[in-house]
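Undergrad: Using the hints, position chain S against chain V.
Each chain, written out:
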Amino acid sequence: MSKRDEEARDLVQRLSAGKMSRRQFMTRASALGLTAGAIGSILAACGGKDDAAPATAPTEPAPTESAPGESTAPAGTVDIAGDLDHFTWEGYDLPGIIDPWLDANGVSQNVTLIGVQADVEAKLLSPAGKGVDLTSANQAFIQSYLDFGIVRPISVEEVPSLAKLFPRWQQFPYRNDDGTFNVVPWTWGSLGLTYSPERVGEVPESWEIVFDPAFKDRVVMLDDAQNNVSLAALILGFNPDELTQEQFAEVKDFLGRVMKQSKTLAPSFGDIVSLFAAGEVDLNFLGWIGTDVFIEGAETKTIVPAKNPDGSLGRSLAFCDCAMIPPDADNVPAALAFSEQLISGQIAADAAAYLAAGTTNPEVVALIDETTRALFPYDDLGAFFERVALPNGFPRESDEFVTFDETVKGWEDVKAAAL
Amino acid sequence: MSVSRRLAAVLASPLGLLLFVAIAIPGGTFLVYSFFSFDASLRRVEPGFSFDNYRLVLTESTFHTLGWNTLAIAVPATVASVVAGYALAYYLAFEARRSRTFLLALVVISMLASYLVRIYAWRTLMGERGVLNSALEAIGIIDEPLGVLLFSRLTVIVAYVNLYLPFTTLLIYASLAGVPRALRESARDLGAGRGETLRRVTLPLSGHAVLVATAFTFFLSAGDFFAPVLLGGTSSVTFGVAISDQLRSTGNYPLGAALSFVMLAAFALVYLLLRASLRAFRFLPRQVA
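Taken in sequence, the protein lines are chains V and S. Residue numbers for the first sequence follow this note's numbering, beginning at 1 and rising by one. Residue numbers for the second sequence follow this note's numbering, beginning at 420 and rising by one.
Simulated from the structure, these hints should not be mistaken for laboratory data. Some hints could be false.
The calculated lysine to aspartate or glutamate pairs, modelled on DMTMM-like cross-linking and capped at a C-alpha distance of 25 Å, are [as the list claims (entries may be wrong)]:
| id | chain 1 | residue 1 | chain 2 | residue 2 |
| --- | --- | --- | --- | --- |
| 1 | V | LYS252 | S | GLU479 |
| 2 | V | LYS130 | S | ASP562 |
| 3 | V | LYS260 | S | GLU563 |
| 4 | V | LYS260 | S | GLU547 |
| 5 | V | LYS216 | S | ASP562 |
| 6 | V | LYS307 | V | GLU208 |
| 7 | V | LYS301 | S | ASP562 |
| 8 | V | LYS216 | S | GLU563 |
| 9 | V | LYS307 | V | GLU198 |
| 10 | V | LYS123 | S | ASP458 |
| 11 | V | LYS164 | V | ASP369 |
| 12 | V | LYS130 | S | ASP458 |
| 13 | V | LYS260 | S | GLU479 |
| 14 | V | LYS216 | V | ASP241 |
| 15 | V | LYS123 | S | GLU479 |
| 16 | V | LYS130 | V | ASP328 |
| 17 | V | LYS307 | V | ASP147 |
| 18 | V | LYS130 | V | ASP83 |
| 19 | V | LYS216 | S | GLU556 |
| 20 | V | LYS301 | V | ASP271 |
| 21 | V | LYS216 | V | ASP271 |
| 22 | V | LYS216 | S | GLU547 |
So that you can see chain V by itself, here it is in the shape it has in the complex (with noise of 0.2 Å):
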């Protein structure tokens, strides 16, 4: 017997005799990966009082084949009704795309937004985040969060199109090596360099551009201590997620000298906007290429651009953020069930045009409309992703490679020294 099993059927004689309630079960059983049928018939044989959220959940088979544009979902022949606390950022509660499903289902979302990405940690390790059902988390906090203990891992059962999901997150540290997933990756997008054509002309060749004196304070940076350090990382030609304090010394010196041509440091990517709108601006180092389609009254294009200073093929950046569901989740199966909409069917791909972003299931590409499946090379994710990184993340402690508290003193002090 494995020691799943063992543990599964420990579980079953605690609520049999009653030292368990059968919330604490279903949370407990959920965890270990059993399935909400095993869950519901053993709540079942059990009887008692039913203190617990409906025992039915979205853990049925995927349908072997599905239409492009239905969900495949489980909703409709599981009970997935209740509150579902969604601790993320604004726009990822998908107001107005995931509303019908939501009626459709009983489904209550009650939306608190994370303000930067570490209040996820600071509400999960506290007891302030007992309950939360949902919540984001960004590729290179995954690791972070799995040392803290606050993932609560999700098979392909439960959320069927993760089996469809592009290799790129086919693979840790979305997917583990026994199959199960600890996030639902579900949008992404690049961050490079954002420039005017109006004002800069030529597509910039190289990120050199940033030094040009013609854009002396014709720069904006958005403050942001780990994609900075990532981006001018990938530039230097260093892999962010190990960096040596050497190569850190030179990436702070790389971003000194950004910061030198910058006008600003913008706190929001919607500030960017605002600046090139504006026309304060004619460069964005670390620019989103959501810029490109949220800008009114100007232009702007976010580009790779070839070369790095050196000369060398041009890097850049991407970020991909997920549902993660946390292991003191009340409402497991409705968190599985709205997971599974944010990978599948036409709410999948509305989401990727009201936040112009990309969409990690290819069957979803075809239903995006085309002005946003333009904004990434779908046929060719593999090689784009070569150019452009996804890093797992800044180790929380180490003796051997730049912390992530060591990028926010790193880009204070950078910061400082522009004083």
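TA: Relative to chain V, chain S alone:
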């Protein structure tokens, strides 16, 4: 204890309780946190007692730089707000006649717009395609937009004066309105000019309002981190930004708390220095504050 004093204590107790619950308890908790340590690998605050966070704040050159930059913004903003506020309040209290109500209404109305709206309004005014640059170009004073109007320390200072001038004006006006006209007229009758009357009569009688207005403006402008981010460009990173980074980006509450209490200690020092200076120049009666 007399009946009236007991009654006063009873009446004040709800406010005292509110202040204790809303300020003393969280503030005390935060102070305790500043002596704790932070386990970076587990993102966990470890209870204990250590001055390490304070040592880091006081020895790290980055924090020194941010501290000086904070002063470079907050001191001019405070001086300008208080001096302009005093002048406006003086005019309202002693010079304005029929226009007083109208001007006071304007001062109050200027406070009604939200903080963020006023900050963004400065962008609209001072931007390269903003109202000021457009006007200067239209009347032929400049050929190209002046980029220095926005994203500089000066912009942040001007914005702070705009934000806090109404407060300093009202605080000082409330004090000046209570200065007996007879005292000022007596000084004039005894041969004092307008300047000497201001220096020897009016200022000392309104010194406590100047003290409070100065402290108020300095604390708010030095502690703010949003206006510098939105208006200040790369030259306006302040101590408040460092506190925000520690509390939000890394979750290092002990270090963030230590930074906060070092800042609070600096505020207290500024207050004491200011009070001593006002007393030294006899602008503040000894029994006040």
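Undergrad: It remains to establish, for every hint, whether it holds in the given structure.
TA: Each hint tested on the structure:
no.: 1; hint: V/LYS252 <-> S/GLU479; verdict: holds, 17 Å
no.: 2; hint: V/LYS130 <-> S/ASP562; verdict: violated, 60 Å
no.: 3; hint: V/LYS260 <-> S/GLU563; verdict: holds, 22 Å
no.: 4; hint: V/LYS260 <-> S/GLU547; verdict: holds, 20 Å
no.: 5; hint: V/LYS216 <-> S/ASP562; verdict: holds, 19 Å
no.: 6; hint: V/LYS307 <-> V/GLU208; verdict: holds, 8 Å
no.: 7; hint: V/LYS301 <-> S/ASP562; verdict: violated, 28 Å
no.: 8; hint: V/LYS216 <-> S/GLU563; verdict: holds, 16 Å
no.: 9; hint: V/LYS307 <-> V/GLU198; verdict: holds, 22 Å
no.: 10; hint: V/LYS123 <-> S/ASP458; verdict: holds, 16 Å
no.: 11; hint: V/LYS164 <-> V/ASP369; verdict: holds, 20 Å
no.: 12; hint: V/LYS130 <-> S/ASP458; verdict: holds, 22 Å
no.: 13; hint: V/LYS260 <-> S/GLU479; verdict: holds, 22 Å
no.: 14; hint: V/LYS216 <-> V/ASP241; verdict: violated, 31 Å
no.: 15; hint: V/LYS123 <-> S/GLU479; verdict: violated, 29 Å
no.: 16; hint: V/LYS130 <-> V/ASP328; verdict: holds, 6 Å
no.: 17; hint: V/LYS307 <-> V/ASP147; verdict: violated, 37 Å
no.: 18; hint: V/LYS130 <-> V/ASP83; verdict: holds, 14 Å
no.: 19; hint: V/LYS216 <-> S/GLU556; verdict: holds, 22 Å
no.: 20; hint: V/LYS301 <-> V/ASP271; verdict: holds, 16 Å
no.: 21; hint: V/LYS216 <-> V/ASP271; verdict: holds, 20 Å
no.: 22; hint: V/LYS216 <-> S/GLU547; verdict: holds, 15 Å
Checked against the numbered hints given earlier, the structure breaks hints 2, 7, 14, 15, 17 and satisfies all the rest.
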